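Protein chains in written order, with this note's numbering: chain A, 1 to 259; chain B, 1 to 259; chain C, 1 to 300; chain D, 1 to 300.
In short, the hints are calculated from the structure, not lab data. Note that the structure is predicted; figures quoted are calculated from it, not measured. Glycine residues also receive a C-beta, built at the ideal position from the N, C-alpha and C atoms. Some hints here could point you the wrong way.
Stated by the list, open to error - Restraint-style ranges between C-beta atoms, simulated for each label pair:
#, chain 1, residue 1, chain 2, residue 2, range
1, A, K103, C, S243, 30 to 38 Å
2, D, D168, C, R78, 31 to 39 Å
3, D, K280, B, G66, 25 to 33 Å
4, C, D178, B, D90, 52 to 60 Å
5, B, D20, C, D168, 26 to 34 Å
6, D, D168, B, R12, 27 to 35 Å
7, A, L200, D, R4, 43 to 51 Å
8, A, S156, D, K280, 56 to 64 Å
9, B, V183, C, M1, 54 to 62 Å
Unchecked claim - Computed, partial: chain D to chain C, Cβ under 10 Å:
#, residue
10, V62
11, K63
12, G65
13, L193
14, I216
15, V221
16, I223
17, Y231
18, A253
19, Y282
20, E286
Said to hold, decoys possible - Covered stretches of chain C, as calculated for chain B (at least 3 residues, CB under 8 Å):
#, stretch
21, 51–63
22, 66–79
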Amino acid sequence: MYLTGYDISILRFTWGVIEDILNHSKSIKSFNIRVREPRDLDPGQFIMLWIPGLEEVPLSPSYYDGSLMRITVMKRGPTTEAIHRLRIGDRVFYRGPFGNGFKVSNKGRYLLVGGGYGASPIIYTAHKIREYGYEAMYVEGVKTESDALFIDEAKSLGLDTILVTEDGSSGIKGLVTDYIEEVINEYDYLLGCGPEGMLLKLLELCNRYGVECQLSFEAIVKCGVGICGSCELYNTGLLVCRDGPVFDSRILSRYLGGV
Amino acid sequence: MYLTGYDISILRFTWGVIEDILNHSKSIKSFNIRVREPRDLDPGQFIMLWIPGLEEVPLSPSYYDGSLMRITVMKRGPTTEAIHRLRIGDRVFYRGPFGNGFKVSNKGRYLLVGGGYGASPIIYTAHKIREYGYEAMYVEGVKTESDALFIDEAKSLGLDTILVTEDGSSGIKGLVTDYIEEVINEYDYLLGCGPEGMLLKLLELCNRYGVECQLSFEAIVKCGVGICGSCELYNTGLLVCRDGPVFDSRILSRYLGGV
Amino acid sequence: MDLRVRLGKLELRNPIILASGILGLSGSQLRRVGEYGFGGLTTKSYTIEARRGYDTPILAYVKCGLLNAVGLENPGYRELARVRESLKDVGIPIIVSIAGSKVDEFTTIASYVDELGFNAIELNLSCPHVEGMGLELGDDPNYVYKIVSGVSSIVSIPVYVKIGLHRDIMATVGKSLDGGAEGITAINTIRALAIDVYARKPVLSNVYGGLSGPAIHPIAVRIVYDIYREYGIPIIGVGGVSSWDDVIEFILAGASAVGVGTVIASKGLDVVREILDGIKTYMMDEGFKELSELIGYANK
Amino acid sequence: MDLRVRLGKLELRNPIILASGILGLSGSQLRRVGEYGFGGLTTKSYTIEARRGYDTPILAYVKCGLLNAVGLENPGYRELARVRESLKDVGIPIIVSIAGSKVDEFTTIASYVDELGFNAIELNLSCPHVEGMGLELGDDPNYVYKIVSGVSSIVSIPVYVKIGLHRDIMATVGKSLDGGAEGITAINTIRALAIDVYARKPVLSNVYGGLSGPAIHPIAVRIVYDIYREYGIPIIGVGGVSSWDDVIEFILAGASAVGVGTVIASKGLDVVREILDGIKTYMMDEGFKELSELIGYANK
Ligand SMILES: Cc1cc2nc3c(=O)[nH]c(=O)nc-3n(C[C@H](O)[C@H](O)[C@H](O)COP(=O)(O)OP(=O)(O)OC[C@H]3O[C@@H](n4cnc5c(N)ncnc54)[C@H](O)[C@@H]3O)c2cc1C
Ligand SMILES: Cc1cc2nc3c(=O)[nH]c(=O)nc-3n(C[C@H](O)[C@H](O)[C@H](O)COP(=O)(O)OP(=O)(O)OC[C@H]3O[C@@H](n4cnc5c(N)ncnc54)[C@H](O)[C@@H]3O)c2cc1C
Ligand SMILES: Cc1cc2nc3c(=O)[nH]c(=O)nc-3n(C[C@H](O)[C@H](O)[C@H](O)COP(=O)(O)O)c2cc1C
Ligand SMILES: Cc1cc2nc3c(=O)[nH]c(=O)nc-3n(C[C@H](O)[C@H](O)[C@H](O)COP(=O)(O)O)c2cc1C
Ligand code: FES
Ligand code: FES
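The shape of chain A in the complex, shown without the other chains (with noise of 0.2 Å):
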């Protein structure tokens, strides 16, 4: 399975053009962006964003369909930063998509976390769930109300639809691995992308109820194509940019022991 072959031509930058920007918080937008070059790109599997004179960063696109692209990003450091203050015209270039994204060629039942701007990937596999004509119920776990990002179009894609405030400000109170723990017992799969303690949580939930997961993990990504090392997942030789960032919990199993 790993660091199988790949075609090196993803590392040429292509580019798009900001086509419309959502506000959905005071830290998160997103951004539809008509790309020039149409390139396959799978839910969970990223590009690197870059604009010239700053770094490149990895995202994973939260809505994809081979000329709109949609990011959405959390202002955090210089170049989300610099992102954020990005109008509608501009030009941004990219490259990729680089990893292993969301399988879900599996006919189930499917439960979908997404936790903050991790529920990019999930509600973009939501919609590939939805053309699949599978059942799934989507989740997104957010501090309070208004920092919800894809509660309409989950619901507007016909998904059952949960939200989780951890200050109870709207839809279901408390941490959303909490909820997740209530339900996960009615579910053959579970997509999980969002902070490091969730996805932990989740794959021990996992484990625990015999439910297959795969989940989306972060790390410093700089080559993208698994040769400088930069992305290793914990100690275990595993790298987020080429066998991730999706991982599946046989392979986490595998490589993190019990958790």
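Assemble chains B, C and D with the ligands onto chain A, guided by the hints.
The following block gives chains B, C and D with the ligands in isolation, referenced to the frame of chain A:
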């Protein structure tokens, strides 16, 4: 038409093993070569045959079916002499095919004219013409009976076959071009390969009698891909290796003038 | 869309120049090549005496280009009179490439070239496969100065120095300019070797050859960029152009004109139009009216 | 079919070595890579202090390879103790690459490496994109001598010097051997530059990077051939291997072992098996029983 796209990987050497050797005369031998890699090769195209440690030389195969390639070689200088010393089981290296061969896609009556080892691409062309089921006459011109190369093969293809010997030791006595002048009127197309004098005379005849011709010319071939400039045809700027070696009457008349 | 560029004193209708050594052995070849739309033509490198060149194989296939060891085959500089004659009305600048081993060989040929009315001279100090008339000349900045100043002082047409991967490229360039060169042609092929794994021998009769084609392009771009940044002079960028974007890249790096060679082996001479069309589309899409605006742009 | 080769004092189960800088940042990475069938592994170049490396982009795509400017990112040489620990039972030789700018940096790290029980040292004197700790060290044969003799005199394990396109390669090699190096690793990446034609800026944050991949292979083969011919020493051939035939070509040129790097970006680590299978088929077809018979064969 000219100097258009080429797959440069024809410049990679491949090899074959000599399976059989035919001694036509004291100066001409044919070698049946079992090739390692099938590469399309039209009649009239040429390969560069290389004996590592010596030079590579251009040769127009006298037969090719994708697996068996026959070359017919006249001893002339150091490399062709070395080729004559090869034995069954020896490996020969070659690259190609290069250049443009004879075009035989039009229905019509073909007059095929080979002079000396120039009969090589002509007999290979004869095989193609028979595949297409067109009408053709095969004419071979040599000095004396013992120099004849492919007379039996042409007959066995069911073609009208004429041997012309300068000394009259067999077939028709005289110069092959004199014989051609007698019959040219009955044909739509003339394809010829042989000594320069013969080719220029054939061109003149074709112009005079309004017969379309395709003639294969020789020159010093070094690069084979139209960049070194060593194979220029007279002072025309035309390159034997790439625009030729087979040129049609339209081009020849335009560039060589009225001969 | 204005594709014209100034290359020092020369005005080119477009920046695409036939690189030296490709079909530049005779006037009739250059004449024919000229019909394909080039902005300028460079002849094969001419020497005092005619040279047969090396035995075949003179070309080796490698995965990203070609190796060649032609061995500076040419009919000797006196033939240039005939070359000039047949190029009388070709209408684009002709640059004559000169190779040699001693200063007086360069000056003898250069003054002849100047008299014949050619448009520029390119001094080939960088052939990587001919001992005594190649790379080692350009490796020695003092000798470079002697050759270039010798030539520049006696001719009225612009002089370009063609460089390769020399020991100290900037010193070679600096001394070329001190000697009176108007600009630099960069780069020549890079010394390399290919072994056939079945023959288990080097492919080229000369063993060593010069690597050209896409393989060397990023190295050539680096050198053009460095020279432009340091000296801001006219540069002919050469090396591994396989399509229009490589040309634009050279120009952004600082080249005023761009030579093409090896790509002709694969795409043929029609590549010129393909490149020019690509450049026009690019300029249109990106909103540039004059190609010359782009020269050195990436240095900003 | 015997794929074992002797690389000086080391015995390798096969000639394929992971080149320095590819997934060699941690013990866990090297451990994992070791499972794919390599004959030996080289670590990333370690320096005295930890280095963050350059900002992204650190890689640029070019038509025949990659440019990289990682900037010698590494956690500092003290981490090597942990690297050693996790590679205890990996069963294949581990070569530690060292970078630095002063003799005592090299000797400090080298003696630590020796103590830790690694199998060999590679002195990286040829990184083309880090000022003061790269190519310019190897460009100066006297400094090469100082570094190599400094290191060789205090360690018991073999020392290799990794070279690039230096001003006078043979002088660099000669002084390396005088200084006590057992052999040479050739070559590192070649300084190059890529400009994005739409961004109209150099792609790499560091502007310059090192060219690797198929582009540089024929140049690397030339250098290996030259070194073998002149000195007949153990050589690790590196540069542009993309399949088994490139490995055989290196070996025929004189390499005793062959490093692979960039190809891992495209084919992944499975490429090792693909290469070994290709070599076995070749040896079978061509009637060779021992791969070591082929070392330097093309020089005969
Ligand atoms: C596979 C993947 C997908 C991602 N998808 C998204 C997304 O859809 N939306 C989103 O907002 N963010 C996403 N991220 C995170 C995003 O890449 C970082 O927030 C961004 O790189 C920070 O850059 P900066 O310059 O703004 O901040 P910096 O000041 O550089 O860093 C801020 C924080 O981000 C981390 N970080 C820095 N550089 C990188 C890097 N190259 N790779 C990973 N983390 C880094 C640092 O550890 C630090 O904690 C993703 C990360 C990965 C690995
Ligand atoms: C397209 C083409 C197809 C050919 N097909 C055949 C063929 O099927 N059978 C055959 O016997 N011969 C053929 N020849 C001619 C053959 O290539 C030469 O006889 C051969 O190159 C001579 O090499 P040598 O070393 O034996 O002799 P040399 O001593 O090198 O030369 C002997 C004569 O051959 C000519 N010659 C030398 N080198 C070349 C070269 N590279 N290209 C062309 N001519 C050269 C010389 O002008 C000289 O007159 C063909 C030539 C061309 C151009
Ligand atoms: C077959 C061939 C012959 C060449 N001959 C010469 C020459 O005579 N003089 C010269 O300066 N450069 C010569 N060159 C080098 C080219 O002019 C050019 O610098 C080099 O090939 C790189 O450009 P390219 O990659 O576009 O081919 C030759 C190149 C080739 C491929
Ligand atoms: C991403 C990357 C990082 C590298 N880092 C180092 C390094 O730290 N030390 C070193 O000696 N060589 C380094 N190299 C050079 C390689 O070891 C090798 O010499 C070069 O890439 C040529 O081989 P290749 O074409 O197989 O990649 C690096 C190469 C790449 C692509
Ligand atoms: S980012 Fe380089 S190995 Fe993953
Ligand atoms: S042989 Fe080189 S151009 Fe024809």
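Against the structure, the hints:
Between A/K103 and C/S243, the C-beta spacing of about 37 Å keeps the proposed range 30 to 38 Å intact. Remark: the range hint 31 to 39 Å for D/D168 to C/R78 is upheld by a beta-carbon distance near 38 Å. Judged by the Cβ atoms, the range 25 to 33 Å given for D/K280 and B/G66 holds: they are separated by roughly 28 Å. Look at C/D178 against B/D90: about 58 Å separates their beta carbons, and that is inside 52 to 60 Å.
Evaluation of the 26 to 34 Å hint for B/D20 and C/D168 yields a failure: the beta carbon distance comes to about 59 Å. Here the CB-CB span from D/D168 to B/R12 is close to 33 Å, well matched to the stated 27 to 35 Å. Between A/L200 and D/R4 the beta carbons are some 44 Å apart, a value that agrees with the proposed interval 43 to 51 Å. At roughly 58 Å, the beta carbons of A/S156 and D/K280 sit within the given window of 56 to 64 Å.
The hinted window of 54 to 62 Å between B/V183 and C/M1 holds, with their beta carbons roughly 57 Å apart. Here the hint on D/V62 is kept, as its CB sits about 5 Å from the closest CB of chain C, short of 10 Å. For D/K63, the interface hint holds, the least distance from its beta-carbon to any beta-carbon of chain C being 5 Å, beneath 10 Å. For the restraint placing D/G65 at the interface with chain C, the shortest Cβ-Cβ distance is roughly 8 Å, inside the 10 Å limit, so the hint holds.
Residue-level restraint check for D/L193 holds (minimum Cβ-Cβ distance to chain C is 4 Å; threshold 10 Å). Against a cut-off of 10 Å between C-beta atoms, the interface hint on D/I216 holds, since the closest Cβ of chain C lies about 7 Å away. Because the smallest distance between the Cβ of D/V221 and any Cβ of chain C comes to about 5 Å, under 10 Å, the interface hint for this residue holds. Given the 10 Å rule on beta carbons, the hint for D/I223 holds: about 9 Å separates it from the nearest Cβ of chain C.
Taken as an interface hint, D/Y231 does not check out: its beta carbon lies about 17 Å from the nearest beta carbon of chain C, beyond 10 Å. With a cut of 10 Å, the hint placing D/A253 at the interface with chain C holds, because the nearest CB-to-CB distance is about 6 Å. Because the smallest distance between the Cβ of D/Y282 and any Cβ of chain C comes to about 7 Å, under 10 Å, the interface hint for this residue holds. A distance limit of 10 Å between C-beta atoms decides the matter here; for D/E286 the minimum to chain C is near 7 Å, and the interface restraint holds.
Under a criterion of three residues with beta carbons nearer than 8 Å to beta carbons of chain B, the stated coverage of the stretch 51–63 of chain C is upheld, 8 such residues being counted. Closer than 8 Å: that is the beta-carbon criterion, and the stretch 66–79 of chain C has 4 residues meeting it against chain B, so the requirement of 3 holds.
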